[in-house]
Structures are given as structure tokens and as C-alpha cells.
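Asker: So the chains spell out like this:
Protein chains: 2
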Amino acid sequence: MERELAQNVYDTPEFFERYSRLNRSVHGLDAAPEWPAIRVLLPDLGGRRIVDLGCGFGWFARWAATQGAAHVLGIDLSEKMLSRARAETADPAVQYVKADLESLELPEGAFDLAYSSLAFHYIEDFGRLVRTVFRALVPGANLVFTIEHPIYTAPTAPGWLVREDGRKTWPIDRYAVEGARITDWLAKGVVKQHRTLGTTLNTLIGAGFAIRHVQEWHPTPEQVAAQPALAEELERPMMLLVAAQR
Amino acid sequence: MERELAQNVYDTPEFFERYSRLNRSVHGLDAAPEWPAIRVLLPDLGGRRIVDLGCGFGWFARWAATQGAAHVLGIDLSEKMLSRARAETADPAVQYVKADLESLELPEGAFDLAYSSLAFHYIEDFGRLVRTVFRALVPGANLVFTIEHPIYTAPTAPGWLVREDGRKTWPIDRYAVEGARITDWLAKGVVKQHRTLGTTLNTLIGAGFAIRHVQEWHPTPEQVAAQPALAEELERPMMLLVAAQR
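So the protein lines, in turn, are chains A and B. Okay, so the first sequence: first residue is 1 according to my numbering, each after it adds one. Okay, so the second sequence: first residue is 1 according to my numbering, each after it adds one.
The reader is advised that the hints may include incorrect statements.
It does not matter which identical chain is meant; a pair holds if it fits inside one copy or across any two.
[Said to hold, decoys possible] Pairs of lysine to aspartate or glutamate residues, derived as DMTMM-like cross-links and limited to a Cα-Cα distance of at most 25 Å, are as follows:
#, residue 1, residue 2
1, 168, 232
2, 98, 125
3, 168, 184
4, 98, 112
5, 80, 91
6, 188, 164
7, 188, 124
8, 188, 165
For the record, the hints were derived by calculation from the structure and aren't laboratory data.
Modelling step: build the complete structure from the supplied sequences, incorporating the hints.
Answerer: Structure, rendered in C-alpha cells:
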């Protein structure tokens with residue numbers, strides 16, 4: 001039941017309509033403040049075969065094609081997102097496939113890069129997915145992904161508290177208690193899977209990946225100057241960026 | 001000034017006296033709840049040359065000698081701790097040296113294991129220390145260490161908050177703002193160095209280490225049953241355990 005909800009929330013009318021209005025849904029990669037930090041983790045894409053796990057509206061897939069990628073396979077569970085992605089994509093190097101990341105199967109050694117943005121925190125069986133991705137990559141290939149940071153997903157009641165001295169703090173609890181977290185984000189009852197940062201990294205290492213970079217994303221001073229609301233990301237990380245190599 | 005304080009706090013009478021009364025100071029490794037989790041990260045110690053960075057009273061050094069270590073070099077800055085360590089150590093395989101981890105020099109390729117318990121979060125120049133340790137290890141050798149977890153060191157006001165519903169939470173702020181944190185732990189004005197988990201791992205990777213295991217320590221159900229006060233460690237991690245390999 002919970003899993004059904006998590007999987008299909010993007011196709012519920014209320015969620016989809018609100019998600020479609022997010023800055024990053026309207027304006028793409030450059031509207032995501034973490035994008036510059038992701039981009040420096042990516043290899044040169046020229047001639048690469050890329051799989052995008054949770055491709056959404058296809059912003060990354062289309063951008064990768066403009067960078068000379070030989071082939072980009074975008075995978076998502078949401079019919080509505082894939083429908084818009086297909087409508088907005090003309091490049092024949094980009095293809096979209098509907099699939100559930102929980103039961104995904106991929107050809108072995110078929111990709112030079114696996115990419116995923118803010119999708120893996122919906123996945124219950126992260127170990128299965130990581131092993132599948134490892135096998136689908138050629139030796140030396142990278143997996144670059146972002147998830148919601150476990151500091152962000154852990155709390156029973158995620159939200160800022162204002163202390164007596166006026167400082168905003170982010171109240172952590174249940175950090176070591178992994179599993180489902182039900183939150184109200186764009187719609188009521190969205191289910192995310194909380195895993196500690198250690199579990200995420202150890203799962204990658206256990207599958208054979210070498211950890212290349214771990215970034216608990218925060219804005220640069222220039223980003224804060226241009227968009228002051230981002231300053232709260234200095235107080236607690238909302239996003240985790242990981243680069244790993246087969 | 002701050003650095004002097006951080007370095008020498010263990011030798012101030014008030015701090016040393018209180019530190020000496022901690023369970024782990026009186027009863028050694030088995031009184032540290034994280035010890036079973038550390039132990040599984042250690043290789044077989046038989047015949048190994050080991051350096052213990054921040055050896056304190058020498059509990060680990062003496063234990064390593066009982067496990068057949070060929071040589072254990074315990075390093076600490078505190079005269080008082082080294083004095084007690086020497087007094088309690090009879091094994092000729094164990095030696096103690098006074099040195100500052102900030103400016104430590106070690107012979108190259110001289111050790112098969114580097115170990116450190118709850119010392120690195122006092123170090124300002126972690127990068128220099130990690131590069132020194134890397135060079136001091138033989139290829140394939142492990143670095144196993146614990147530090148205070150950045151969730152624990154980050155806050156301006158570290159301490160539990162009780163929410164209206166009675167739940168205890170740990171208020172995070174300034175997570176991305178690295179640098180000194182002045183806290184009252186056993187004595188007033190103890191200076192620790194806050195670094196994000198990402199920075200700690202990326203520093204190791206940058207020096208050439210492969211990350212083998214990352215554990216945000218929490219107690220087992222058996223430990224909580226035996227010592228109910230440990231349950232709060234499920235809410236937010238206090239300690240980080242890392243195993244890396246040259």
C-alpha cells in the first residue's frame with residue numbers, strides 16, 4: 001500500500017499539477033541550485049551511452065544529447081512525466097522507457113554513465129537497484145546521483161524550529177531508524193525511504209563501486225546573494241550528491 | 001589561541017580529572033559502546049605494525065598487543081595521559097611517543113594499520129594529517145578511525161530539545177559552516193573542529209584512500225536493553241566510524 005502510493009504519486013493529478021509548477025519543472029536544470037555542483041561531477045559526455053534513472057520531464061536527457069552523448073535512455077514510472085518528456089524531445093539520441101526502479105532490469109555493460117536526480121529516496125530496495133546499475137555499467141563508468149539528504153528525511157516532523165534566540169534549527173530524530181517516512185510535499189502522504197548516509201555509501205561499496213565524491217549540497221556565497229532563501233541550506237543539507245565509479 | 005586550548009585541554013587539571021572518571025577511561029574498550037562496531041572493522045592484528053593516533057591511556061595499544069601485534073606506537077599530545085599509559089603498560093611491543101597530530105611526521109610505509117579513536121575532530125588541518133597517515137601505511141593497509149559525527153558537532157547550541165508532543169529532537173544548524181565549535185564538555189571552552197561528512201570522506205579520497213565502510217554509530221537493540229540511556233543515539237548519531245584502505 002505505502003509502496004504503491006510512493007510509486008504513483010507523480011501521476012496523481014494534485015501532485016503532478018503542483019510538481020509541474022516547480023521552478024525546476026518549468027525552467028529545467030539551470031533552475032536547480034544544485035545543478036552546477038552536479039555538473040562538475042559528470043565526465044565529458046561526448047559519445048557516451050547514458051541511463052537516467054527517474055528522468056522526469058527529460059531535462060537532463062535532452063541536455064546530455066546536446067553535449068554529444070551517443071544515446072540517452074530516460075527511465076521513469078510516471079506516464080504523465082514521460083508523456084511530456086516525449087513531447088518536448090526531438091533528438092533521436094534520446095529515448096524514454098516506462099519502468100519501475102524497484103524491479104528494473106538493464107542490459108549488462110551497456111552504459112558509460114548512470115545518472116539519477118532525486119529519485120533513489122523513493123526506492124525501498126536500494127541494494128537491488130545499485131547492483132543492477134553496477135552490472136549495467138562498463139568498468140570505469142560513473143554513477144552520479146542525488147537524493148534527499150538523510151538529515152532532511154529522518155525527522156518525524158520535518159520543518160524548521162525557531163529557538164528562543166531567534167535562530168532557526170532543523171530538529172533531527174529517528175536518524176538511525178531507517179524506512180518509510182510519510183510527509184506532505186506537494187500532496188499529502190508522500191512516502192520516502194529514509195536511509196542513513198552510511199547505509200547509502202556501504203550499499204554502493206558492497207556492490208563493487210568506489211566512492212569518488214560525497215557532497216552534502218550547500219549554496220555558494222554567490223548563490224545566496226542572488227537568492228537569499230537558499231541561506232537556510234547552510235543550516236542543514238537537503239540534498240546529497242554522490243559520485244561513484246565501477 | 002583557540003588551537004592551543006584545543007590541543008592542551010586534556011592536560012588541564014579539571015578536564016583531565018573529569019575525563020579520567022569516564023567509564024571508558026576507567027574500564028577501557030569494553031566500556032565504550034561503539035567498540036564492538038569498531039572491532040569488526042579491524043583486520044586481524046597478528047604480526048601487524050600499528051600506529052594509534054591519540055592513544056590516550058593506551059587501552060587500544062595494550063589490547064592490540066594481546067592480539068599479537070608486532071609493534072604498537074601510541075601517539076598523544078597529553079603528558080598526563082601518556083604518563084598513565086606508560087605506567088599501565090608492561091608489554092615491550094607497545095611504545096608511546098608525545099607528538100602533536102597537527103604537525104606529526106611518520107616514517108613512510110612503516111605501518112600496517114592506523115587507528116584513531118575520537119581524536120581527529122580536534123584537528124584543524126585534517127588534510128595534512130590524512131596525507132601523512134597515507135604515506136606511513138603500506139599499500140593495502142587500513143585506516144580505521146572514529147570521530148564525533150558532524151550532526152553532533154554542527155550545532156551552535158548542541159543539546160536535546162523537547163518538542164510539544166514530548167519527542168526529543170536534536171537541533172541542527174550551521175551544518176555547512178565548517179570550523180571551530182566551542183563547547184562545554186567536561187570543561188568550559190573545549191574547541192572542536194566541525195567538518196561535514198562529505199569533507200571528511202573527500203579528504204580521504206583525495207589523499208588516495210578507498211572508502212571501505214562508513215558507520216554512523218547507533219546501539220543494537222541488545223545494547224539499548226542493557227543500557228536504556230543509549231536509546232537516544234538512535235535519534236541522532238554522536239559518533240562516526242570510518243574504515244579506509246591505502
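Asker: Hint by hint, note whether the structure agrees.
Answerer: These are the hints, each one checked on the structure:
no.: 1; hint: 168 / 232; verdict: both (8 Å within a copy, 22 Å between copies)
no.: 2; hint: 98 / 125; verdict: within (18 Å within a copy, 49 Å between copies)
no.: 3; hint: 168 / 184; verdict: both (21 Å within a copy, 22 Å between copies)
no.: 4; hint: 98 / 112; verdict: within (21 Å within a copy, 50 Å between copies)
no.: 5; hint: 80 / 91; verdict: within (20 Å within a copy, 70 Å between copies)
no.: 6; hint: 188 / 164; verdict: between (30 Å within a copy, 22 Å between copies)
no.: 7; hint: 188 / 124; verdict: within (19 Å within a copy, 45 Å between copies)
no.: 8; hint: 188 / 165; verdict: between (32 Å within a copy, 21 Å between copies)
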